[in-house]
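Asks: Note that the protein sequences, when read in sequence, are chains D and G.
Just so we're aligned: the first sequence equals residues 1 to 569 in this note's numbering.
Just so we're aligned: the second sequence equals residues 1 to 342 in this note's numbering.
Because the hints were derived from the structure by calculation, they are not lab data.
No residue lacks a Cβ here, since even glycine has one placed at the ideal position from N, Cα and C.
Please note that the accuracy of each hint is not assured.
Said to hold, decoys possible - Here are the simulated lysine-lysine pairs, DSSO-like style, with alpha carbons at most 30 Å apart:
(1) D:294 - G:319
(2) G:119 - D:292
(3) D:291 - G:53
(4) D:457 - D:342
(5) G:119 - D:291
(6) G:53 - D:191
(7) D:484 - D:416
(8) G:89 - D:457
(9) G:53 - D:505
(10) D:416 - G:21
(11) D:294 - G:234
(12) D:505 - G:123
(13) G:234 - D:292
(14) D:457 - G:53
(15) D:382 - G:119
(16) G:21 - D:408
(17) D:292 - D:90
(18) G:259 - D:292
(19) D:382 - D:505
(20) D:294 - G:259
(21) G:119 - G:21
(22) D:416 - G:53
(23) D:382 - G:89
(24) D:505 - G:319
(25) D:292 - D:30
(26) D:382 - G:123
(27) D:408 - G:234
(28) G:259 - D:416
(29) D:533 - D:291
(30) D:505 - G:21
(31) D:291 - G:234
Said to hold, decoys possible - Facing chain D, according to a computed beta carbon distance under 7 Å, are these residues of chain G, among others:
(32) 20
(33) 22
(34) 89
(35) 90
(36) 91
(37) 163
(38) 164
(39) 285
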Amino acid sequence: MAQNPQPDYKNEGILLPPVIPQIKDWPIAKLLKDNRPFVEEVKRDSLHELHLLMQREDQQIHDLVEQTLYKERLRISEDPWRVDPKDEGKFWREVRQELVRLEQLQIDPTSFQQRNEELMDRIVSRFTEEIAGRFKPNTYHFAKRFLPFVFSTLLNASAGKTIKSVIYHRIGLQEKVHMRGEIERMRELTKKGIVILVPTHISNVDSIIVGWGLHALGLPAFTYGAGLNLYNSPILAYFMNRIGTYKVDRRKKNPIYMTCLNSYARLAISHGCHSLFFPGGTRSRTGEIEKKLKLGLLGSAMEAQRREFLDDGNQRKLFVIPVVMSYHFVLEAASLIRQHLKYTGKEHYYLHDDEFGSYSKFLSFVWKSFGTKSDITLSFGKPMDMFGNFVDEEGVSYDLHGRPLDIKGYFMSQGKVTRDDQRDAAYTRQLGERIIERYHAENHVFSSHLVAYVAFKLLARKNPSLDLYGLLRLPEEERILELKPYLETVDRVLARLREMADNGKVFLSQHLNTNTMAIVEHGISNLGVYHDKRPLSLSKDNSTLLSQSMNLLYYYHNRLVGYQLEHVI
Amino acid sequence: MVGVIGAGSFGTAVASLLAEKVPVMLYARRVEVIDRISKNRQHKGWELPENVKLTSSLSELAGACELIFPIVPSEDFLVMIRELSPFLKPNHKMIHGTKGLAVELSDEEEFATLERIEKSRVKTISELIREETVVRRIGCISGPNLASEIAQGQPAATVVASPYEEVIREGMAALRHSRLRVHASHDLLGIELAGVLKNIMAIASGIVSGLDYGDNTKALLISRGLAEVVNVGKGLGADPRAFLGIAGVGDLVATCYSKYSRNYTVGFRLAKGESLEEIIADMEEVAEGVKTTAVVHALAQTYGISAPITAVVHRILFKNLETSRGVNLLMEYPFTEDVEFI
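Isolated chain D (complex conformation) (with noise of 0.2 Å):
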């Protein structure tokens, strides 16, 4: 025993012993090793949905293809993207045909409605094909060992360590993210029942960390509902078609599509599948919180946890669990929120070919968002059911007053576990708002947030007359604060921080246990550290502070928008 004091997972990365050790006994790995029986399924399963869809809104099969055809080739050519098959103006075409085909024809209506079906099927195939995953244990095992490889070496090399210490790898990417929350509660809940995790989305960067920490705390992998928008990075779509990822396309809003997703989440998880998808849809435009969540994937969850508690279900329960990340620094945080200032109002997909379009570019976002100074808070929430009432261990629910419930209930009626699809909506509606209030209670404030919170706060009270888009193009000459009363405000701010943060409302990162001049100094020099322009600087006398973007500060002071701290400014 005392040869080997190093358990063999800790050379792998890993921090925690793994929940189950064989990667052939993940259910991902069983699910998707050969995908096809799986996609078999979710194709009956959506065509019998579709089918229930269509007697419920008293729809024909003909106008759902044709609603379906209208809605795609409309996209492929308002909105086409790099990632989109070469086929697809092909297929949609081949449909219209048949559609004008079958209209001109004068068929009996057996045959009409026989040939709308197999058109159906055809894009019910197609669709499902498109968003399954696949889950390729080989590539998982090199990913697992060559990620942390180049991250260890990139950040060494980035905190200027010496040779010696880049190729012994002394900083790990755990002493970079700060994994917080309640880890040993969702290892034994992975056990109980199924978990979903929804994280919020502030950087492209969320789901690498959030997929190394899941690794790292030994847990098995997770499906995750990935845009398809990430798809576009030749690099990342190399790892995702092979780690259990499915595709998510948002722009396509036909019902037919939504059906095949829905279905697939749904099945994925009744596997047994823990599951992860960022509810906020896209990235964070405003760097916000999120305010509003797409109630889709939640939806197919509430969905699945309906059918646990059916006669023939496995009785399972679905636990939720909140993820809020915290970073100094989001690479992508001038154009997010150029995209949203330009596009306020308006549903936009951002296509970013600058991004992680080369080699070079993946590279070096992964530098510039490890690097020395921008530590990172990956904080798991507490546990909860599909209704937001908080677990214990055992994976039993408990209400506001500690009394444990059975959650079954909500599904029945009359004594039975029946389906009303109106219903599991209202559930989820209210599972979305419960979401967001735990992510503001679960997110980590860091200095940079509060340093940049308050001096937009202060620039816009000097400037009672100017609007936010006034404010954003005030001259450089008048974004000038004297420290003195900016350090009053960060006091108030922080009194109240601290108020709420003993209440259970928001968290407080180590950092900011120190004085209020440390924590600006702190703040400062982390806000935002490698953007060309800096949001906050402070002067060389340590008697004013200027801000050289506007759009920057805006953006990282919307980080703690949403918590009434107005109030106190």
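Got chain D; can you put chain G on it based on the hints?
Replies: What follows is chain G alone, placed relative to chain D:
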């Protein structure tokens, strides 16, 4: 079996209507009330059929009924719901019939002197149920439902509101009756607030009648009252549409004209020179509008919501403003636009 909590006039009316279709369990807090009803099966002008079982045990009621109608004055609601809460399960559904707000005051505070209050401290009854219990499937019934007229079998209508179609469906099925139309709404907050806020106008309307003013004045009050109710409702986050339906305008008109309305009676007797204490002391059941006026006034002050009628009713109720002076004040108020609230 369907449960009804509260054997006041409206609670008894609902129990009797339900009993025509399903077995009912009716809860009353006081044992003597139960004994009396059990003996002669008569209560609040209703003949209670044999399938209405009486109980003074909330645990018995929660155990026997999946669908529960709590119909208790707002000031007693919190105590009742906390007592009931341990017996409730996720499969329960609740449709309440209380037209009041739930506000917990600190020891130093009184409704009469309340000047400011945060929105977060003011809850609708459904929000209170949501907070105190595990029940999610919550709805309300609201509308021009003067219990005595329903008892006489006069044609009437009510609204069942809930975000859950299931709750609406079951509520409608249980309540629908040859003499009672039941309409549906998905806007729980709007329907609740419509029923709550109109009580202030009912007091004002009683004052107008008590001062012997005629129908022009009353029409003026009702139409400006509607504008005010919508405005306050919007300020509290509700969609204005609910205020234009049966539970909004419908209920507003009914209570503003009805001598049977308790809130109207408060206003009428004030105008005839009685004091609020005297009036409250000899009323058998609670006039929700008095407390509602205090709370809405404090909310309007805090959030800068324009509510001139509420402000005047507030001064009449709690600051000894003479009723006729109050009407004069309102006549001087600078209204401009006629319909600016939709």
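Asks: If a hint holds in the structure, say so; if it doesn't, say that too.
Replies: Here's how the hints hold up against the structure:
| no. | hint | result |
| --- | --- | --- |
| 1 | D:294 - G:319 | 50 Å, violated |
| 2 | G:119 - D:292 | 21 Å, holds |
| 3 | D:291 - G:53 | 48 Å, violated |
| 4 | D:457 - D:342 | 22 Å, holds |
| 5 | G:119 - D:291 | 20 Å, holds |
| 6 | G:53 - D:191 | 47 Å, violated |
| 7 | D:484 - D:416 | 66 Å, violated |
| 8 | G:89 - D:457 | 46 Å, violated |
| 9 | G:53 - D:505 | 46 Å, violated |
| 10 | D:416 - G:21 | 22 Å, holds |
| 11 | D:294 - G:234 | 26 Å, holds |
| 12 | D:505 - G:123 | 21 Å, holds |
| 13 | G:234 - D:292 | 21 Å, holds |
| 14 | D:457 - G:53 | 62 Å, violated |
| 15 | D:382 - G:119 | 28 Å, holds |
| 16 | G:21 - D:408 | 29 Å, holds |
| 17 | D:292 - D:90 | 37 Å, violated |
| 18 | G:259 - D:292 | 47 Å, violated |
| 19 | D:382 - D:505 | 13 Å, holds |
| 20 | D:294 - G:259 | 51 Å, violated |
| 21 | G:119 - G:21 | 40 Å, violated |
| 22 | D:416 - G:53 | 25 Å, holds |
| 23 | D:382 - G:89 | 23 Å, holds |
| 24 | D:505 - G:319 | 40 Å, violated |
| 25 | D:292 - D:30 | 35 Å, violated |
| 26 | D:382 - G:123 | 27 Å, holds |
| 27 | D:408 - G:234 | 36 Å, violated |
| 28 | G:259 - D:416 | 47 Å, violated |
| 29 | D:533 - D:291 | 28 Å, holds |
| 30 | D:505 - G:21 | 48 Å, violated |
| 31 | D:291 - G:234 | 21 Å, holds |
| 32 | 20 | 20 Å, violated |
| 33 | 22 | 12 Å, violated |
| 34 | 89 | 5 Å, holds |
| 35 | 90 | 3 Å, holds |
| 36 | 91 | 4 Å, holds |
| 37 | 163 | 5 Å, holds |
| 38 | 164 | 5 Å, holds |
| 39 | 285 | 31 Å, violated |
Of the numbered hints given earlier, the model fails hints 1, 3, 6, 7, 8, 9, 14, 17, 18, 20, 21, 24, 25, 27, 28, 30, 32, 33 and 39; all others are met.
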